[in-house]
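> Sequence:
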Amino acid sequence: MEQMHPSRQQTLSSLCFHAGMQTFSARIATAQPTAEDIAGRRWIYVPYDRFTDRTGPLAEQGAQATGIVIVESTAKAMRRPYHRKKLVVLIANMRHFALEQAARGVAVLYHFSPKSHGQGLLELQRARGLPELVCMTPAERELRLDLATAIEHGLNMRFVADTTWLSTLDDFMAVYGPYRHGRSYVMDRFYRAMRQKTGILMHNAKPVGGQFSFDAENRLPYKGQVPVPIAPGFAPDEITREVIAMVDTVYADHFGTTESFDLPCTQADCDRMWQFALTRLLPHFGPFEDAMRDDEPQLFHSKTSALVNLGRLLPAALIGDVATAAGSGSIPMASAEGFIRQLLGWREFMRHVHQQTDGYRLLVDHVPQERPGPAQEASSSAYPDEEAYRGARPSALGASLPLPAAYWGVASGLRCVDTTVAQVIAEGWSHHIPRLMVLSNLATLCGFSPRELTDWFWFAYVDAFDWVVEPNVLGMSTYADGGLTATKPYVSGAAYINRMSNLCGRCQFDPKKSTGPGSCPFTALYWTFLERHEPVLGGMFRMQMPYQTLRRKSEAERTGLRQRAAEAIEHLQSFPRPEYKRG
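Following numbering that gives the first Met the number 0, the numbering of the sequence shown begins with 0 at its first residue and continues without gaps.
Honestly, I wouldn't trust all of these hints.
Derived Cβ-Cβ restraints for the label pairs, each shown as a range [said to hold, decoys possible]:
id, residue 1, residue 2, range
1, D236, A160, 54 to 64 Å
2, E578, A421, 16 to 26 Å
3, G232, A147, 32 to 42 Å
4, R125, A160, 21 to 31 Å
5, R188, G537, 22 to 32 Å
6, Y489, P220, 39 to 49 Å
7, H365, S553, 33 to 43 Å
Hints in this document: simulated from the structure, not taken from any laboratory.
It should be emphasised that the depicted structure is a prediction, and the values quoted were computed from it without experimental measurement.
Heads up, the beta-carbon is just placed ideally off N, CA and C, and yes, glycines get one too.
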């Protein structure tokens, strides 16, 4: 376990046990269990991503027979320079969930620990004489490993299935079989199987609307066709304000800001946010789901991913609401299917891929690996077994350049990149296309480290956990897994960004120029990426058209493109990036 600097530990203890938890501590004290409660109740450990009493053991019995244990771990919060809004939304929801459970009669042991979750639980169980703890199997590999270590040291805990998920391992295995080297996972097969199993958007064993996917219809740029409704705000209450003050003091050197924090932190507010998304946003979601706007970064995206990943909003309930709305005609089928595919398809699929490959660690003997860099070391030093916790490092295309300072807000001059990064610094969020086709696209084209990019997404986005961020970035976004989850790299030149956004309009670079003064680097980077990796990518069916275009270019054109791409990479890497120092 990492040793915290004494001055920081003193600050942390003083703030969290006094100013930082004053109101919360007073309110939660009424739910503290008696010795009789300890012996007479069934005790459940609630992980930091399962704030729900509607699934699992917490839904199975009455409140008066139940106790829950929640650990607020400083070691976990300091493990990476997590976005400050990510810490606020997680910790504030954690504290509000504890109070909500206390209000319905559940006994609550809320334990603040400077150690890991597993170590904190072990100490608490011994100190309070807690019986066996029951826990839904955690989604995060990192937490599973932490708890397994604590169990080896005496923690009495039993795992049960997490019924929040919509699919089981058997569902996944029925489609793909066991993991083996050389196989690929195509999400569409799994998604179709889940539609058939659940009957969602199905009629007489056939997809409603005559097709499983309406993706081809959902690719319009947004040009004001439909006004974007004003999203509701959720002003922080006293409990959340305490968390904001604590985060700004204890985690002041972390990424991002807490300014204008207005994310939901109570169950009532989470439900209200979902009703707004369901009735005002999703009817227009589908056609514009791939569009990007600097003046409307959310557009018609629900922005509920963090709340789903914390357990506040349940996938089954959301899908049921959307399917019902589609059946009544209040949400068009293309929009309903596009949203449901994200939950029933991609979300479930990525979780299984992560578990089947042990967080991509099983690829180590079959896919080229990059050596650990400083960012990977920094993201691993808080826990005792560094090798076990260090992230997987596949790099099928040999990418290994350090992630540049532009991802920390240093101006790159590329308006699409700088605008997206500024949004992430402010909010800890952007929708999936800026993630994939701006931030990941740039990193892939330039050859920046897939692992460093993964770690960056992990700490920078409020909805990122290992099971979702690693397969999305190492697989879909960068092709670092060599095609395990994608049939081709998701890369593009400036033309795509220009077509799907308004981000190029006021940029200093011209998206229609590929070389020479004022040319947009994305296009030169794209063609040199294809040229560099032709031995690997040139034979792919889905890459034939761009390679035919590349082969028609003269050597003089290629030389100019190489030169422009090299200039762009050199410029991006010319700025020092901020260092995160723990302790």
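> Starting from the range 39 to 49 Å, see whether the pair Y489 and P220 falls in it by beta-carbon distance.
violated, 18 Å
> Please test the hint of 32 to 42 Å on the beta carbon pair from G232 and A147.
Holds - the Cβ-Cβ distance for G232 and A147, about 41 Å, lies within 32 to 42 Å.
> Honestly, do R125 and A160 meet the 21 to 31 Å range at C-beta?
With a Cβ separation near 27 Å, R125 and A160 satisfy 21 to 31 Å, so the hint holds.
> Looking only at beta-carbon atoms, does the pair E578, A421 fall within the given range of 16 to 26 Å?
holds, 20 Å
> That 33 to 43 Å hint for H365 and S553 (C-beta), does it hold up?
holds, 38 Å
> Assuming the hint says 54 to 64 Å, is it satisfied by the Cβ distance from D236 to A160 or not?
violated, 34 Å
> Note whether the CB distance of R188 and G537 lies within 22 to 32 Å or breaks it.
holds, 26 Å
Checked against the numbered hints above, the structure breaks hints 1, 6 and satisfies the rest.
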